[in-house]
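Q: Please put together the full structure from these sequences, using the hints given.
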Amino acid sequence: MNKTPISLPPSIDKTLDLLADADYLADRSLATVLFLALRMGRPLFLEGEAGVGKTEIAKVLSTTLGRRLIRLQCYEGLDVSAAVYEWNYAAQMIAIRLAEAEGAVDRERLTHDVFSEQYLIKRPLLQALEPDTAGAPVLLIDELDRTDEAFEAFLLEVLADFQVTIPELGTVKAAHPPIVVITSNRTREIHDALKRRCLYHWVGYPNAERELKIVRAKVPNIGQRLSQEIVHFVQGLRKEDLFKSPGVAETLDWASALAELDTVALDPATVSDTLGVLLKYQDDIARVEGSKASELLNQVRAEMRAAE
Amino acid sequence: MSAADGRLAENIVYFARALRAAGIPVGPGAVLDALAAVETAGVGTRDDFYWTLHAVFVNRHEHSILFDQAFRIFFKRRGYLEQLLGMTLPQAPGTEPEQPKAGAQRVQEALFSGLSDRLQQDVRELEIDMRLTVSDQEVLQKKDFAQMTAAEIAAAKLAIKRLMLPLDEMKSRRLAPDRHGRIVDMRRTLRSSLKGGGALIDLKYLGPKTKIPPLVALLDISGSMTDYTRLFLHFLHAVTDARKRVHSFLFGTRLTNVTRALKAKDPDEALASCSAQVLDWSGGTRIATSLHMFNKLWARRVLTQGAIVLLITDGLERDPDDRLAFEIDRLHRSCRRLIWLNPLLRYEGFEAKAKGVQAMLPHVDEFRPVHNLDSLTDLVGSLSGPGTRTQEGQAWLRKVA
Numbered sequence: 001m002n003k004t005p006i007s008l009p010p011s012i013d014k015t016l017d018l019l020a021d022a023d024y025l026a027d028r029s030l031a032t033v034l035f036l037a038l039r040m041g042r043p044l045f046l047e048g049e050a051g052v053g054k055t056e057i058a059k060v061l062s063t064t065l066g067r068r069l070i071r072l073q074c075y076e077g078l079d080v081s082a083a084v085y086e087w088n089y090a091a092q093m094i095a096i097r098l099a100e101a102e103g104a105v106d107r108e109r110l111t112h113d114v115f116s117e118q119y120l121i122k123r124p125l126l127q128a129l130e131p132d133t134a135g136a137p138v139l140l141i142d143e144l145d146r147t148d149e150a151f152e153a154f155l156l157e158v159l160a161d162f163q164v165t166i167p168e169l170g171t172v173k174a175a176h177p178p179i180v181v182i183t184s185n186r187t188r189e190i191h192d193a194l195k196r197r198c199l200y201h202w203v204g205y206p207n208a209e210r211e212l213k214i215v216r217a218k219v220p221n222i223g224q225r226l227s228q229e230i231v232h233f234v235q236g237l238r239k240e241d242l243f244k245s246p247g248v249a250e251t252l253d254w255a256s257a258l259a260e261l262d263t264v265a266l267d268p269a270t271v272s273d274t275l276g277v278l279l280k281y282q283d284d285i286a287r288v289e290g291s292k293a294s295e296l297l298n299q300v301r302a303e304m305r306a307a308e
Numbered sequence: 001m002s003a004a005d006g007r008l009a010e011n012i013v014y015f016a017r018a019l020r021a022a023g024i025p026v027g028p029g030a031v032l033d034a035l036a037a038v039e040t041a042g043v044g045t046r047d048d049f050y051w052t053l054h055a056v057f058v059n060r061h062e063h064s065i066l067f068d069q070a071f072r073i074f075f076k077r078r079g080y081l082e083q084l085l086g087m088t089l090p091q092a093p094g095t096e097p098e099q100p101k102a103g104a105q106r107v108q109e110a111l112f113s114g115l116s117d118r119l120q121q122d123v124r125e126l127e128i129d130m131r132l133t134v135s136d137q138e139v140l141q142k143k144d145f146a147q148m149t150a151a152e153i154a155a156a157k158l159a160i161k162r163l164m165l166p167l168d169e170m171k172s173r174r175l176a177p178d179r180h181g182r183i184v185d186m187r188r189t190l191r192s193s194l195k196g197g198g199a200l201i202d203l204k205y206l207g208p209k210t211k212i213p214p215l216v217a218l219l220d221i222s223g224s225m226t227d228y229t230r231l232f233l234h235f236l237h238a239v240t241d242a243r244k245r246v247h248s249f250l251f252g253t254r255l256t257n258v259t260r261a262l263k264a265k266d267p268d269e270a271l272a273s274c275s276a277q278v279l280d281w282s283g284g285t286r287i288a289t290s291l292h293m294f295n296k297l298w299a300r301r302v303l304t305q306g307a308i309v310l311l312i313t314d315g316l317e318r319d320p321d322d323r324l325a326f327e328i329d330r331l332h333r334s335c336r337r338l339i340w341l342n343p344l345l346r347y348e349g350f351e352a353k354a355k356g357v358q359a360m361l362p363h364v365d366e367f368r369p370v371h372n373l374d375s376l377t378d379l380v381g382s383l384s385g386p387g388t389r390t391q392e393g394q395a396w397l398r399k400v401a
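Chains as they are written, first to last, in this note's numbering: chain A, 1 to 308; chain B, 1 to 401.
Since the hints were derived computationally from the structure, they do not count as laboratory data. Careful: at least some of the hints might be erroneous.
[Claimed, not checked] Some chain B residues close to chain A (C-beta under 8 angstroms, calculated; not the full set):
#  : residue
1  : MET170
2  : SER172
3  : ARG173
4  : ARG174
5  : MET186
6  : ARG187
7  : LEU194
8  : LYS296
9  : ARG300
10 : VAL302
11 : THR304
12 : GLN305
[Stated by the list, open to error] With beta-carbon atoms standing in for the labels, derived distance ranges:
#  : chain 1 : residue 1 : chain 2 : residue 2 : range
13 : A       : PRO10     : B       : THR45     : 32 to 38 angstroms
14 : B       : LYS195    : A       : ALA50     : 48 to 54 angstroms
15 : B       : VAL184    : A       : LYS122    : 18 to 24 angstroms
16 : A       : GLN282    : B       : ARG162    : 40 to 46 angstroms
17 : A       : THR171    : B       : GLY283    : 36 to 42 angstroms
[Claimed, not checked] Once the Cα atoms are required to be at most 27 angstroms apart in a straight line, the calculated DSS-like pairs of lysine-lysine come out as:
#  : chain 1 : residue 1 : chain 2 : residue 2
18 : B       : LYS296    : A       : LYS195
19 : B       : LYS244    : B       : LYS171
20 : B       : LYS296    : A       : LYS239
21 : B       : LYS263    : A       : LYS244
22 : A       : LYS280    : A       : LYS292
23 : B       : LYS263    : A       : LYS195
24 : B       : LYS296    : A       : LYS280
25 : A       : LYS195    : B       : LYS204
26 : A       : LYS292    : B       : LYS296
27 : A       : LYS195    : B       : LYS211
28 : A       : LYS195    : B       : LYS195
29 : A       : LYS122    : B       : LYS204
30 : A       : LYS122    : B       : LYS209
31 : B       : LYS195    : A       : LYS122
Computed from a prediction, not measured in an experiment: that's the story for all the values here. For glycine and all other residues, C-beta sits at the position ideal for the given N, C-alpha and C.
A: Here it is in C-alpha cells:
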C-alpha cells in the first residue's frame, strides 16, 4: 500500500492526455475547467443532458490518478445517516449494558464513551475526508438534482471547507481535500449557494470528429464506414426537433448493437429496427421512423461522398 | 432643546408615522432610537442624514426601496432638509428629475393620509406627481400596472396564507420525529435513554415528513387576458413569496420565465422587472407553441418532485390544430396535477365551444372557474375549494356535446 500518489497534470494539454489515456476524449473547454478544478482544489460541477459522459469523468480520474473512487448516488430522501455518518446503535447499546453490568454508571462518562469515533459508521462524505496513501480520493456526488434542496445544505460545509461537523464529536477536517465531481441532469435548478462553491461546466454533445474518435476508441471492432455513418446519422438526429436527443452513451450503445448484428452499412430497415437503442420516447421514434430515417440516411451518404 | 432641535424631532416623528403607514414596521422605540442616532451622528450632509435614519428604520432589504421613496418625497416636499443643510452646503442637493419608482404609490398614499395640516397641503402636489408617473410609463410603451396599495398587499398576504391547492400535501421520503410514526429513531432513542443512565429504553419514532409540492404557473398574457394579468401577477408574486419552489412563466406568442423577477420582495418592483422582461404583452396567443417551448426547455427542469401545474389561460388559441392537444397531453403526463384556471368561466353562459378549449379540456385534471375575479381573495378562494365533478374537463365537454 505504499504507493506514492500520482501527481496532478501540470497543464491543460497534459490533462487532455491524461483523460485520453483512459479513452476519454474530452474537448478543450472541459479539460480546462478540470485542470483548474484540480489545481485550485475546487469542486467541479458538471451539468448536461443524460448520457454525455459526466459520471465517466470521475471514474476516469480515479483510474488514471490511481485514487480511490467514493460514489454518493443521490436519491429523494437522502439524509445525513446515509450520506455522512451514522452511529452504530447496536454496539452502543451493548456498551451501555456492559457499563451497567460493571456497576459503573457515570452518565457523563458513558455519553462521552458511547459517542466516540469507535461507534461511528462512516458514510461516503465522511470517508472522502479520510487520508489515503494513494492521495486524496475522488468523491463523485452523482445526480445531485435527484435529492431535495434540504440535502444541498449538508454539502455546503463539505464543499467549501472540506469538513464535516458531527455534533457529538466535533469537526472532522480533511488533511488533503478530495477531488470532488458533482453531476446533475438539471431536472431541477441547483441552488446558487452551492454552485458558487464549484467550478461550473456544461457538458454538451461532441462534434462529429470527436464523436467518431470516441466511437472508434470505445467500440474497437466496428468498421470504418459504419462508424462514420453512425456518427453522421446521430449528429443529424440531434438537429431534429426531438424531445430527447440521443447522447454519446446512446451512440455507443447503437454502435455496439450494430456491431453485434454484423452490420456493414446502415440501411433504412436496420435503422428502423434498432431505433429504440437511440431514442427513448415513442413520439420521437414515431417521428423519425420510416421516411424521415431514410431521408436522414441519404443526407448522411451525400455528406460522406462529398467528404471523400 | 433649541427650536431647530424641536422641529427635527417633530419631523422624525412624522416621518416614522409615514413609514409605518407605507408598510414598514416602525415602533415607537425606533423613533427614539432615530432621534438619538441623529443627535449622535449630527446632521452633516443629506446622505449622512439618509443613512442614519436608514440604519434605524430599515431592518429588511425589501423595505429599503420604500424608505428611499418616503425619504425623497417627505423631505423634498417639506423642504426642511434643504433649509437645514443650506447652512452647510453651497448648493441645494437632490434636485434631479424624479422617475416613477416601484413602491411610489404606497408611500404617497401613506403620506396623503393627512398626518398634519402641513402634510394636507402637499396632497394636491402629490396628486399631480402621480399622474405624471403614469404618463411617463405610457411614453415608454411598457405595461402599466396600477400599483398595489398597502391595504391591498395586506389583504393579499392574508388570502395567500389560506391558499390550499388540491393535493397540496405530499408525503416525502424524508423522515421526521413523529409520535405516531412506525420507524424507530435509534439516535433519539439512545440519547434519551442515556439521560437515565441507559436503564430504560423508551422508543422514539419517525414518520414520513409531508411537504408542499413545487408549483409551476403558466400565465397567458395575451390581449384577451389583459383585464386579469395584473391580478394574476400579484397572485403569483404573493405565492412566490409565501411558498418555496414556485416557478412562473408568462406566455403570449413566446414563453418568458419570470421566476427570478417575481422573487423581488416588493410587489411593485417585482412586477416592474417582470414587465421589463416580457416583449409580447397583450398580443396574440400561441398556446401550442408556448407549451411546446415549455415542454422542451423547462418541463424536465421544473416539473420534478410532484409539481402541480397551474395553467391560467382563456384557451382562445389563435390557430388551433393537433399540436395543441399533443402538447397539453405531454404537459399533463409530466406533472402530478394540471389545474386549468379559466377566467372566461366567470360568465354564466360559458360553453366549451372554442376549438382550443375543446382540445385542451380532455387533458386537464381540474378545470376551475373564477366566478368573481375582482380580488386575490376570490381567486384564492376558488383555487382552494374542493374539486367537484363539474370541474372536471370531461364534464364540460359532455355539456356541449
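Q: So, for every hint listed, does it hold in this structure?
A: Hint check results:
This hint is violated: B/MET170 has a C-beta 11 angstroms from the nearest C-beta of chain A, more than the 8 angstroms allowed. Annotation: B/SER172 was flagged as interfacial toward chain A, and the flag holds, the nearest CB pair being 7 angstroms apart, inside 8 angstroms. Among the interface hints, the one on B/ARG173 holds; its C-beta lies about 3 angstroms from the nearest C-beta in chain A, closer than the 8 angstroms criterion. Hint status for B/ARG174 relative to chain A: holds, with the closest Cβ pair at about 5 angstroms, below 8 angstroms.
Interface restraint check: B/MET186 against chain A, minimum CB-CB distance 4 angstroms, threshold 8 angstroms, status holds. The interface hint given for B/ARG187 is met, as the beta carbon of that residue sits about 6 angstroms from the closest beta carbon of chain A, less than 8 angstroms. For B/LEU194, the shortest C-beta to C-beta distance to chain A is roughly 5 angstroms, which falls under 8 angstroms, so the interface hint holds. With 8 angstroms as the threshold, the beta carbon of B/LYS296 comes within range of chain A, its nearest partner Cβ sitting at about 7 angstroms, so the hint holds.
Interface restraint check for B/ARG300: the shortest CB-CB distance to chain A comes to about 6 angstroms, inside 8 angstroms, so the restraint holds. Interface restraint check: B/VAL302 against chain A, minimum CB-CB distance 7 angstroms, threshold 8 angstroms, status holds. Residue-level restraint check for B/THR304 holds (minimum Cβ-Cβ distance to chain A is 4 angstroms; threshold 8 angstroms). Against a cut-off of 8 angstroms between C-beta atoms, the interface hint on B/GLN305 holds, since the closest Cβ of chain A lies about 7 angstroms away.
With their beta carbons about 56 angstroms apart, A/PRO10 and B/THR45 fall outside the hinted range of 32 to 38 angstroms. The supplied range of 48 to 54 angstroms is met by B/LYS195 and A/ALA50, whose beta-carbon atoms lie about 49 angstroms from each other. For the pair B/VAL184 and A/LYS122, the supplied restraint of 18 to 24 angstroms holds, since their beta-carbon distance comes to about 22 angstroms. Between A/GLN282 and B/ARG162 the beta carbon distance is about 42 angstroms. The supplied range of 40 to 46 angstroms therefore holds.
Remark: the range hint 36 to 42 angstroms for A/THR171 to B/GLY283 is contradicted by a beta-carbon distance near 57 angstroms. At most 27 angstroms may separate the alpha-carbon atoms for a hinted pair to count; B/LYS296 and A/LYS195 meet this at roughly 24 angstroms. With a CA separation close to 16 angstroms, the supplied pair B/LYS244 and B/LYS171 stays within the 27 angstroms bound. At most 27 angstroms may separate the alpha-carbon atoms for a hinted pair to count; B/LYS296 and A/LYS239 meet this at roughly 14 angstroms.
The hinted pair formed by B/LYS263 and A/LYS244 fails the criterion: a straight-line CA distance of about 31 angstroms is larger than 27 angstroms. Pair hint A/LYS280 plus A/LYS292 holds up; C-alpha atoms about 17 angstroms apart against a cutoff of 27 angstroms. The straight-line distance between the Cα atoms of B/LYS263 and A/LYS195 is roughly 19 angstroms, inside the 27 angstroms bound, and the hint therefore holds. Annotation: proposed proximity of B/LYS296 to A/LYS280 holds, straight-line Cα distance about 15 angstroms (limit 27 angstroms).
Note on A/LYS195 and B/LYS204: the hinted pairing is violated, with a Cα-Cα distance of about 37 angstroms set against a maximum of 27 angstroms. Restraint check for A/LYS292 and B/LYS296: satisfied, since their Cα atoms lie roughly 21 angstroms apart, inside the 27 angstroms limit. A distance of roughly 24 angstroms separates the Cα atoms of A/LYS195 and B/LYS211; the hinted pair therefore holds under the 27 angstroms criterion. For the suggested pair A/LYS195 and B/LYS195, the alpha carbons sit about 41 angstroms apart, so the restraint of at most 27 angstroms is broken.
As the CA atoms of A/LYS122 and B/LYS204 are separated by approximately 23 angstroms, the hinted pair is consistent with the 27 angstroms bound. A distance of roughly 25 angstroms separates the Cα atoms of A/LYS122 and B/LYS209; the hinted pair therefore holds under the 27 angstroms criterion. For the hint linking B/LYS195 to A/LYS122, the alpha-carbon distance of about 25 angstroms falls within 27 angstroms, and the restraint holds.
Hint compliance for this structure: hints 1, 13, 17, 21, 25 and 28 are broken, all remaining hints hold.
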